[in-house]
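Novice: Quick mapping for you: the protein sequence lines, in order, are chains A and B.
All residue numbers for the first sequence refer to the working numbering, where the first residue is 1 and numbers rise by one.
All residue numbers for the second sequence refer to the working numbering, where the first residue is 330 and numbers rise by one.
Derived from the structure by calculation, the hints contain no laboratory data.
All values reported here derive from a predicted model rather than from experimental measurement.
Incorrect hints may have been included.
Once the Cα atoms are required to be at most 30 Å apart in a straight line, the calculated BS3-like pairs of lysine-lysine come out as [stated by the list, open to error]: (1) A:Lys-319 / A:Lys-5; (2) A:Lys-5 / B:Lys-460; (3) A:Lys-195 / A:Lys-319; (4) B:Lys-446 / B:Lys-332; (5) A:Lys-5 / A:Lys-195; (6) B:Lys-332 / B:Lys-524; (7) B:Lys-332 / B:Lys-385; (8) B:Lys-460 / A:Lys-195; (9) B:Lys-446 / A:Lys-195; (10) B:Lys-521 / A:Lys-195; (11) B:Lys-460 / B:Lys-521; (12) B:Lys-460 / B:Lys-524; (13) B:Lys-521 / B:Lys-332; (14) B:Lys-446 / A:Lys-5; (15) B:Lys-460 / B:Lys-446.
Just so you have them, the derived chain A footprint on chain B, three or more residues with Cβ under 8 Å [to be verified]: (16) 402-409; (17) 413-425; (18) 438-449; (19) 485-496.
Cβ atoms here follow ideal geometry from the backbone N, Cα and C, with glycine treated the same way.
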Amino acid sequence: MQLIKGWFTAAPLLWLIVLLFALFPIYTTLADLPFWNDVAMRIMLLGMAAMGLNLVLGYGGMVSFGHAAFIGIGAYVTGIANFYGLDNGWLQIALALGICAVTGMIIGFLSLRTSGIYFIMITLAFAQMLYFFFVSLEQFGGDDGMVMNRSDFVFIDLWAPLSLYYMIVAALALTALLLCVLVHSRFGVTLRALKSNQSRVEAMGLNALRFRITAYMISAMICGLAGALFANWQEYVSPDIMHWTRSGELMIVIVLGGLATLAGPLLGAVVFFLLEEFLPEILAHILPAYAENWLLVFGLFLIAVVLFGRGGLIGVSQKLRARLGKGAG
Amino acid sequence: MGKPVLEIGGLHKSFGALQATRDVNLAVNEGEIHALIGPNGAGKTTLIAQIYGSLKPDAGQILLQGEDITARSVEERVHLGLGRSFQISNVLMDFTVLENAIIAEQARQQAAFRFWKPAFQDRELIRGAGKILTRVGLEDRRDRLVSDLAHGERRLLELALALAADPVVVLLDEPMAGAGPEETQNMTQIIKQLKGEVSILLIEHDMDAVFQLADRLTVLVEGTTIANGTPAEISANAAVREAYLGSES
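Could you put together the complete structure from these sequences and hints?
Specialist: So, in structure tokens, the structure goes:
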């Protein structure tokens, strides 16, 4: 019991956001805004992928610039399986996870021998290779991508209202739980220790590569799961899903929310999308001259968060709370 | 003193034209504190790196408890009973003292590759970690963040982590480096208490500490061992005085 309680109390904000997502359709139904369900699904999927990347980037200190590739693999495995009539969703997800694990192991094995800028470039290079590989697959639409039907999840009818929505909520909750457990486990603690000081951990007789490849594989699988669900949500798969800018987007979301925090990536994804959605409108009211160039203001906001709150939004809120606490006492 | 536990024979290492290690011979006996001294640039760091396994020698042999470890990786050497401390404090800065020890304890148990229970709340690990800290007298600092520790306390934690896995031989690379007189005295006492428990190869510049602690010394000059013996023999050795202690007489 203590154990299970610990997982949830470790990241109250994370579970609060997951809960809000679970309750969100009540609002959209009452207010008759079904479009916002789609936005919420997109945010959840991006947040989930960012949570996966955070295991490697935040907790492991490995700056992977190619994680969109695993989202792409997850999506394409689903799309291609559907194309050949293998439309059982559970099977597709199992296949996507398996292929992401193997690809993650190979890419990890080859790239984790390097570090710093070389690691960033090698992971980007692998992602670009995979991107152009899918672009070259003419029978699956090449550049234009392929339209697909939602998969058949046997007991769950994905065409029923909100069934895909709650499937994504469930996947998000599962990812959240997995990370809460992993980060505090012996494995997670060793991974963080390796980020802090690799030579000390190696002097303890531990093999850094073994821990890092495992983390890399797990994060690849989480991104693959997000990709498989993304394909079902979009009913369409194209190389766009794994464009290198998406890898960058994942990194921005993590840094914005808070590196190496459990809630950070999901919070970052929410804030990222809300800003993208509302910033142009807000600017039109207060600074009409900048409304068209809202990305400029967005960039300034990102820089401010990174400079003033080194722990992202989570760091800023902790600092504020500490200051308010001091003021009160 | 007992039989040799760490034996180095005919070790050579060159970097281009520079012979950093030339025919080094050295033996650390069971339970002794063996000091390796030599002026700056004598090749102590290169020698330590070869014993530890981060650098491969060009020729020669390193035996740990009679087993040839010359071709073994760092990881394998640690499992065979080699521990080390680093010249620059090499501790986990973002963690507390206890967390440092817990990470060392799970490595000692060779049980770090587990994914389930939270490590920092594991009673068994906390108990083992407590033992690691008690050895150097840091148990009352256990909840401090390492980045908040004084320099001397970090040096002690460094020592504790080096000893955590109960090594047969531990390489102490300048444990007194950067420490004040009081801290040096404290460190000397703690190392003295280790005598007999673990065999120590001590690299140290502080000659007072070396002569207080060492059972035997080996002198390294220009990459080669020019003498070894008891402290009394070494201080009486003409070649050593010439090459190393000479400036004082």
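Novice: For every hint, state whether the structure bears it out.
Specialist: Hint by hint, here is what the structure shows:
This hinted pair checks out: A:Lys-319 and A:Lys-5 have alpha carbons roughly 26 Å apart, not beyond 30 Å. At roughly 29 Å between alpha-carbon atoms, A:Lys-5 and B:Lys-460 fall within 30 Å of each other, so this suggested pair holds. A C-alpha spacing of about 24 Å is found between A:Lys-195 and A:Lys-319, which places the hinted pair at or below 30 Å, so the restraint holds. Under the criterion of a C-alpha separation no larger than 30 Å, the hint pairing B:Lys-446 with B:Lys-332 is inconsistent with the structure, at around 43 Å.
Restraint check for A:Lys-5 and A:Lys-195: the C-alpha separation of about 27 Å stays at or below 30 Å, so the hint holds. Restraint check: the Cα-Cα separation between B:Lys-332 and B:Lys-524 comes to about 15 Å, which is no more than 30 Å; the hinted pair holds. Using a Cα cut-off of 30 Å, the hinted pair B:Lys-332 and B:Lys-385 holds, with the two alpha carbons roughly 26 Å apart. With a CA separation close to 25 Å, the supplied pair B:Lys-460 and A:Lys-195 stays within the 30 Å bound.
Distance hint between B:Lys-446 and A:Lys-195 is fulfilled; the C-alpha atoms sit about 21 Å from each other, no more than 30 Å. Distance hint between B:Lys-521 and A:Lys-195 is unfulfilled; the C-alpha atoms sit about 34 Å from each other, more than 30 Å. Restraint check: the Cα-Cα separation between B:Lys-460 and B:Lys-521 comes to about 18 Å, which is no more than 30 Å; the hinted pair holds. In summary, the hint linking B:Lys-460 to B:Lys-524 is supported, as the alpha carbons are separated by about 18 Å, within the 30 Å threshold.
Taken as a hint, the B:Lys-521 and B:Lys-332 pair is honoured in the structure, with Cα atoms around 20 Å apart against an allowance of 30 Å. Annotation: proposed proximity of B:Lys-446 to A:Lys-5 holds, straight-line Cα distance about 12 Å (limit 30 Å). For the suggested pair B:Lys-460 and B:Lys-446, the alpha carbons sit about 21 Å apart, so the restraint of at most 30 Å is met. With a threshold of 8 Å between beta carbons, the proposed coverage of the stretch 402-409 of chain B by chain A holds, since 4 of its residues qualify and at least three are required.
Counting residues of the stretch 413-425 of chain B whose CB lies closer than 8 Å to any CB of chain A gives 8, so the stated coverage by that chain holds, three being the minimum. Counting residues of the stretch 438-449 of chain B whose C-beta lies closer than 8 Å to any C-beta of chain A gives 11; at least three are required, and the coverage claim holds. Under the rule that three or more residues need a Cβ within less than 8 Å of chain A, the assignment of the stretch 485-496 of chain B holds, with 4 such residues.
This entry does not satisfy hints 4 and 10, going by the numbered hints stated previously.
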